[in-house]
Amino acid sequence: MCEFCIQHGEGKKWYLQAKNYSEELFNEERKRYIAEFFAKIEETVLDDIGGLDRLITTDPAAAEIKRRSVMEKRKREHYGQVIPIEDVEQILDMSLIVVRMPCACRSILKGRFDARYCFGLFTFQPDPAPTLEYPDWTRDLEVLTMEDAKKALQKHDRNGLVHTVWTLITPFVGVLCNCTASDCLEFKNRLRLGLRQFFKAEYVASIDWESCNGCRDCMKLCNFGAISYSPSLQKCYIDKFQCFGCGVCRAVCSNDAITLQDRNAIPMLAKDW
Amino acid sequence: MVQIEIDQEKCKSSRECRKCLEACAEGVLMSYPRVPREPGKRTEDWGIRPLLLSLCTGCKVCEEVCPQGAIAVTVA
Numbered sequence: 020m021c022e023f024c025i026q027h028g029e030g031k032k033w034y035l036q037a038k039n040y041s042e043e044l045f046n047e048e049r050k051r052y053i054a055e056f057f058a059k060i061e062e063t064v065l066d067d068i069g070g071l072d073r074l075i076t077t078d079p080a081a082a083e084i085k086r087r088s089v090m091e092k093r094k095r096e097h098y099g100q101v102i103p104i105e106d107v108e109q110i111l112d113m114s115l116i117v118v119r120m121p122c123a124c125r126s127i128l129k130g131r132f133d134a135r136y137c138f139g140l141f142t143f144q145p146d147p148a149p150t151l152e153y154p155d156w157t158r159d160l161e162v163l164t165m166e167d168a169k170k171a172l173q174k175h176d177r178n179g180l181v182h183t184v185w186t187l188i189t190p191f192v193g194v195l196c197n198c199t200a201s202d203c204l205e206f207k208n209r210l211r212l213g214l215r216q217f218f219k220a221e222y223v224a225s226i227d228w229e230s231c232n233g234c235r236d237c238m239k240l241c242n243f244g245a246i247s248y249s250p251s252l253q254k255c256y257i258d259k260f261q262c263f264g265c266g267v268c269r270a271v272c273s274n275d276a277i278t279l280q281d282r283n284a285i286p287m288l289a290k291d292w
Numbered sequence: 003m004v005q006i007e008i009d010q011e012k013c014k015s016s017r018e019c020r021k022c023l024e025a026c027a028e029g030v031l032m033s034y035p036r037v038p039r040e041p042g043k044r045t046e047d048w049g050i051r052p053l054l055l056s057l058c059t060g061c062k063v064c065e066e067v068c069p070q071g072a073i074a075v076t077v078a
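From first to last, the protein sequence lines stand for chains A and V. For any residue, its number in our numbering is found by taking its place in the first sequence, counting from 1, and adding 19. For any residue, its number in our numbering is found by taking its place in the second sequence, counting from 1, and adding 2.
One should not assume that every hint holds.
Derived lysine-lysine pairs resembling DSS-like cross-links, with alpha carbons at most 30 angstroms apart [unchecked claim]:
(1) A:K92 with A:K259
(2) A:K59 with V:K21
(3) A:K174 with V:K21
Pulled a few chain A residues facing chain V out of the computed Cβ check, cut under 10 angstroms [unchecked claim]:
(4) A54
(5) E61
(6) L71
(7) R73
(8) I75
(9) T76
(10) I127
(11) R131
(12) F132
(13) P154
(14) D155
(15) S201
(16) D202
(17) R211
(18) L212
Estimated spans, in silico, between C-beta atoms of each pair [what the hints assert, rightly or not]:
(19) A:R158 with V:E28: 23 to 33 angstroms
(20) V:T76 with A:G244: 26 to 36 angstroms
(21) V:K12 with A:E42: 47 to 57 angstroms
(22) A:N283 with V:E28: 33 to 43 angstroms
(23) V:S15 with A:K59: 19 to 29 angstroms
(24) V:T76 with A:W228: 46 to 56 angstroms
(25) A:Q261 with V:K12: 41 to 51 angstroms
(26) V:K12 with A:K38: 47 to 57 angstroms
(27) A:S88 with V:A25: 29 to 39 angstroms
Simulated from the structure, these hints should not be mistaken for laboratory data. In this text, a Cβ means the ideal position worked out from N, Cα and C, and glycines have one as well.
Could you build the full structure based on these sequences and the hints that come with them?
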């Protein structure tokens, strides 16, 4: 299991523990952090990611030190993990309020506030209701019914968006995002800059060769380049080291040939986060 | 090495235009508030600047799509 499961999950999935969503954790320190986070997100991104980017081309050794320091800071403040749709649904079942809001990554990289792929979660009725003083981020907030939230997330799943949960000062889980390699800064950080700000899922995908008809629909959805096709065998392979365990490939498989396995049960993957 | 220079006078608003942001496949550029955010106010003044220059291929598509001629890419 990932280190958050050990530290914050008592050996179970940390993001399914009610205590990591509790009102007790939603204290003044976190409220200040959240306000600051949204006020200064572009400045933070320029310092952390822009700073790393400059070092990558000018000083690789310093870039490695920067990667570690940003990762450690993010583990304390705002770290994530990929989760499959069934775990998303379990989180929604634990939640009382789900708010759909603009995605900060798509604001920064695509210049849009109307890309509302992110969901704020509360398992309690905050009293008083939190006021975020920055209307850039609150202009289109929507409080969703649980049924609508589930439908929206299932639709994202079918479209190949990768579900991720994020802490707002670890271990408080505050946000559920739906990410892609093209639009999301966190994915660029991890896949292109070597900066880890989220864990792979507790799972890894596996293809049943008896059922695979070689249609390659799953390949189109994989954000991680983990699926390849063998023309000689007319089957798809999943490279389990490349797989992040998001499980979105399952939704398009007409033969239900893909399942998720427990990453922790596969010796060489159990420490690969 | 690639350099991207933005003429902030010529770039009117990265929010209303977005052409360079959408054209860049690598996601090199970022949209950012040119003045720090203030409580209670929407950001009106949005600029463009390179964020992930290490991913830039030097293809100059951003320069080509910019209707204001505000972007200059130089490859040394």
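The hints, checked one at a time:
1. A:K92 with A:K259: Distance of about 28 angstroms is within 30 angstroms: holds.
2. A:K59 with V:K21: holds, 24 angstroms
3. A:K174 with V:K21: holds, 28 angstroms
4. A54: holds, 9 angstroms
5. E61: Hint holds; E61 (chain A) Cβ to chain V Cβ min 4 angstroms, cut 10 angstroms.
6. L71: holds, 9 angstroms
7. R73: holds, 7 angstroms
8. I75: holds, 4 angstroms
9. T76: holds, 5 angstroms
10. I127: Since the shortest Cβ distance to chain V is 5 angstroms, the answer is holds.
11. R131: holds, 7 angstroms
12. F132: Constraint on F132 (chain A) satisfied, holds at 8 angstroms.
13. P154: holds, 5 angstroms
14. D155: holds, 5 angstroms
15. S201: Since the shortest Cβ distance to chain V is 7 angstroms, the answer is holds.
16. D202: With a minimum Cβ separation of about 8 angstroms from chain V (threshold 10 angstroms), the hint on D202 (chain A) holds.
17. R211: Given a least distance of 6 angstroms, the restraint on R211 (chain A) holds.
18. L212: holds, 7 angstroms
19. A:R158 with V:E28: 23 to 33 angstroms: Hint holds: Cβ distance 29 angstroms, inside 23 to 33 angstroms.
20. V:T76 with A:G244: 26 to 36 angstroms: Check passed, 31 angstroms falls within 26 to 36 angstroms.
21. V:K12 with A:E42: 47 to 57 angstroms: Since K12 (chain V) and E42 (chain A) have Cβ atoms about 50 angstroms apart, the given range 47 to 57 angstroms holds.
22. A:N283 with V:E28: 33 to 43 angstroms: holds, 35 angstroms
23. V:S15 with A:K59: 19 to 29 angstroms: holds, 21 angstroms
24. V:T76 with A:W228: 46 to 56 angstroms: Since T76 (chain V) and W228 (chain A) have Cβ atoms about 51 angstroms apart, the given range 46 to 56 angstroms holds.
25. A:Q261 with V:K12: 41 to 51 angstroms: Since Q261 (chain A) and K12 (chain V) have Cβ atoms about 42 angstroms apart, the given range 41 to 51 angstroms holds.
26. V:K12 with A:K38: 47 to 57 angstroms: holds, 53 angstroms
27. A:S88 with V:A25: 29 to 39 angstroms: With Cβ atoms ~33 angstroms apart, the hint holds.
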